[in-house]
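Work out the full structure, taking the sequences as your base and the hints as a guide.
These are the residues of each chain, in order.
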Amino acid sequence: MSFFLDAWTWLITGANWTGGDGVTHRLAEHLYLTVVCLGIACAVALPVALWLGHVGRGGALAVNISNVGRAVPTFAVLVLLTLSPLGKHGDLPTIIALVLFALPPLLTNAYVGMREADRDVVEAARGMGMSGWQLLGRVEVPLAFPLIMTGVRSAAVQVVATATLAALPGGGGLGRIITAGFGTYDTPQVVAGAALVAALALLVEGVLVVAERLLDPMRGRRTSAKTPASGTLRGGGRSGKPESPSHSPSTAGGFDEKVIPAQPTS
Amino acid sequence: MAGAAARQGGDCLSANDWICAEYVRTRGQELTDATVEHVGITVASVLLALLVAFPLALAARRWQRAYGPVLGLTTVLYTVPSLAMYALLLPLFGVGAAVVVTGLVLYSLTVLVRNILAGLESVPEEAREAARGMGYGPYRLLFGVELPLALPALMAGVRIATVSAVALTTVGAIVGYGGLGNLIYDGMDSFFRAQVLTASVICVLLAVLADVLLLGVQRLLTPWARTRGSGRRRTGADTADGAAPDTAGADGANGGVRAAPEPAGKGA
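Chains as they are written, first to last, in the UniProt record's numbering: chain C, 1 to 266; chain A, 1 to 268.
For the chain A half of the interface with chain C, some residues (derived, Cβ under 7 Å), not all of them:
hint, residue
1, THR79
2, VAL80
3, PRO81
4, LEU83
5, ALA84
6, LEU88
7, PRO91
8, VAL163
9, SER164
10, VAL171
11, ILE184
12, MET188
13, ARG193
14, SER200
15, CYS203
16, VAL204
Residues of chain C clear of chain A, computed beta-carbon distances all greater than 12 Å:
hint, residue
17, THR13
18, ALA43
19, TRP51
20, VAL55
21, GLY56
22, ARG57
23, GLY132
24, VAL139
25, VAL210
26, ARG219
Quick caveat, the hints were computed from the structure, so don't treat them as lab data. We put the CB at the ideal spot given by N, CA and C, even for glycine.
Structure (structure tokens):
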């Protein structure tokens, strides 16, 4: 366990935080990569997924993309992009790779969320004479919001984690602290770098949970709809969020919100 | 002819092309070794993860108090980046394949525990009651009735875990045990394009192949799920009556994994 003590010592040493290879600079690089990539990925994926969900098409696509995404090793994509002509453009290979890997959870969750929005409510809104856009903005998206945000959180954590790999082909970010530690056989530095990345991932997740609470368009109203059981069980240390009420019981075990519900289509 | 082909082959190596048959021909042994290591690490980690996940899931189901901590812990583990995970395990295990295997086991636990639990929870109470009425004890109930009915969800979990493990093994190159990842890593350092692309492609093919194989295993193990296509789901299933349709979301055709709660894909 002395590794962790040494790592702690490394972390509280001021000299390790300053300079081009210091924690502060690497942390800033990591956050920059995370924010830019998550932003691009959201801007690309969410409109597509919301629209597909609204018109009810492309379900197989949305689900299968996430299966394909899982099979492709990020590390390989990063190296391939770095060796390609794109590699001459600084962070571009990293950003492309990270955006690619943030897309699947965003697409799948947003699409499923839209399809899982209570059909009766949607039909009722349609019956009240809402137009397509009103339906989308005032009924479906608010109902789908928890799952959309689940996708955003998964994507964010994934980007934070994946950005670590950027260090292997020589990019920036906190991964550099780990690889530099490997290079000099400095185990405390390796452990410290790993702990920093894990902490950042949890922190980002926490911030997004809070953001979700604050931004939820159905804030305060959703609680009345949730079953008492689903709120009490906690998964992953984050408080149980209300399940979207329409989850079928067989898929939403009620223990965590990171749920890709069964079979969204057909 | 042969001379021309060889010259052309040599050219693609010296020109550092992305696709190079000469590379595959001359370095076939290296590729095979890396692939074998890759498969070995993946298989070992998924099997070990199953061995660990099963009692964990049973414990979580048996004791309500264990439920939260088990799921919470495995979920937190899932958020640790792979590079960081291997780095954190390094001081505990020293440099070796054990670091990579352990890391992959820890990741797979999240998916497997969740899916086993979801599978067991989806077993209809009537099936349990019927089995109890027939005099089944707890063990026979578990292995004879509940587990077979939970199999589609379990297999969906195994498929996710395996496919992710194939991808994540590559990062093990940082400690020198990444299978095909080692070739990617070396190729990156020496700008050897053919090596990087070939190893990457084999890696993706491995993941797809593993997924298809597991799907085949699942279909063999759950013969009752296959009768659904003809609309007569009740025929083959004496004890399984009515259970398969809900859990067996993973019927082959779509290859979709949708039987159980699923954490986000682990990309790194």
